[in-house]
Amino acid sequence: MSESAQAPAAPTPSRRGSNRRQLLLNAVAVCAGVALWGVAVSFGRLGLPSPAQVAVRGIELIRSGQLLADLLSSLSRVLVGFALGVALAIPVGFLMGWYPTARGLIEPFVQFFRMIPPLAVIPLAIVTMGIGETPKVFVIFLAVFLSSVIATFQGVISVDKTLINAARVLGAKDGTIFRRVIIPASTPFILVGMRIGLGSAWATVVAAELIAAQSGLGFRMQQAELYYDLATIFVSLITIGILGLAMDRLLLALETRLTQWQERM
Amino acid sequence: MSAKISFQAVSRRFAHQSASFLALDRLSVDVADGEFVTLVGPSGCGKSTALAIAAGLIEPTGGEMIVDGRNVRGPGPERGVIFQQYALFPWLTVRQNVEFGLRIAGRRAAERRAIAQRFIDLVGLSDFADALPKVLSGGMKQRCAIARAYAVDPTILLMDEPFGALDALTRVQMQDQLLDTWSRERRTVMFVTHDVDEAVYLANRVIVMAARPGRLYEIIPVALPYPRTEAIRLSGAFAEIRNRVWRAVYHQHARPPDGAVQDHEREMR
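These protein sequence lines are chains A and B, in that order. Going by my numbering, the letters in the first sequence line up with residues 1 to 265, in that order. Going by my numbering, the letters in the second sequence line up with residues 266 to 534, in that order.
Since the hints were derived computationally from the structure, they do not count as laboratory data.
Now the stretches of chain B that chain A is said to cover, found in silico as 3 or more residues with beta-carbon under 8 Å: (1) 329-342; (2) 347-359; (3) 364-378.
Straight-line alpha carbon distances no greater than 30 Å define the calculated DSSO-like cross-link-like pairs of lysine-lysine that follow: (4) K173(A) x K399(B); (5) K161(A) x K173(A); (6) K269(B) x K161(A); (7) K161(A) x K399(B); (8) K269(B) x K173(A).
Just the calculated beta-carbon pair ranges, DEER-fashion: (9) F178(A) x A297(B): 36 to 44 Å; (10) A496(B) x R264(A): 42 to 50 Å; (11) F286(B) x A253(A): 45 to 53 Å; (12) R103(A) x F286(B): 22 to 30 Å.
Every residue, glycine too, gets a C-beta built ideally from N, C-alpha and C.
Isolated chain A, as found in the complex (with noise of 0.2 Å):
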């Protein structure tokens, strides 16, 4: 078959271009920044580490292993506790936007624990939990439950009700509507959820790193502050802003990629 459809889909070739001089202008953006930031120190009294100050703190860190493994102790955290809150949000997202029983029933508990800061939780996990891994990945995973719980619901709610009768007229069941209708016309609200959620993952973990643990990012610059090292703080700091960057793009590649089907304006 013809693919002529689809070639409106395809990016244009000025738009290519315009996308290149999108990335340029980020990247003398960036730089301009770093230049700022090392102008900014050498005059003034800051009293904060230049760049090339944090650079050479990096690698060392780098060498040293040390950044590797609390890269990794961080990410294991929020990677874990996202996956339990999303694997739990889905599926009682859909149970309140399909079954008002249900809704009825869950909506005061989500509605009253979204009011309260993931990290005011913190105090509370730790004397019942421990300082062990259990309540850091428990308060990640009530961040991301609950912002993807409310996403999956709305998106629920809001599948427009031609399509479910347009389902129901060629002779599918609630079985069949559920699957084949409301899941994909969910999906774009679930994948906002998502995201939304990993960015308080990533807020939660450093936090709660920050109070009770001994191992990562936040752990590291807990203890750099006690020795005023604030180079490895930097370090810490772009280390969980590039980690969180790289992430969301990922997932926003993988809604690009599973919501093309949506009419942009």
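We have chain A already, so just place chain B on it with the hints.
Chain B in isolation, oriented as in the chain A frame:
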């Protein structure tokens, strides 16, 4: 004399909190097998409600909705429905949309593909079979929806203002294509529209409805031969019937002209 579709004093009341209103008041109409009827009337006359009841998407609150001699209990694949908003599944390609009903019916992949291809060709979307709905124009989307409805081989087509969102030129083309396939396959068609010209051009009979409460106003037979052509559309006979339908839609009496309805019902038999 068994009708294909039979509305027997069908009523529908909608409740909104404390208030309720009667969307459809004791509609009684019979549609014969292979007949093409159009429903027109001012907004709020219950024409779309009537169609949704026949489709099994809404339950009547009074009367009997009979299709093929049986009470309607929910939707069924023998009644294909075409919606004004196309209602294509946006994440499926044209081909996957057309195969949707066949998949539910449990047809095998090769069979599904062959049937879908036939209807995709029929509506002229062969070049777009693997395209997503987002790249299609309004007319192409509606043709895809028609192919999807045809694929499960319904004996009845229920169409709710299917061409309402299309431009005038595309609409005329779609009308001709619809009549063309109808004349070959002779499905029973109920077609809701707010366009008087369209109602007359397509139909064996035009069912004019009145609003508040939604009810039958007058049934006007269209004694024009098929195939309907441009010559017919521009003829004096067409204009005469159109004017009559126009007056029935836009200058309704407080009460329906009882005699007229009776006459046409007799004519039908």
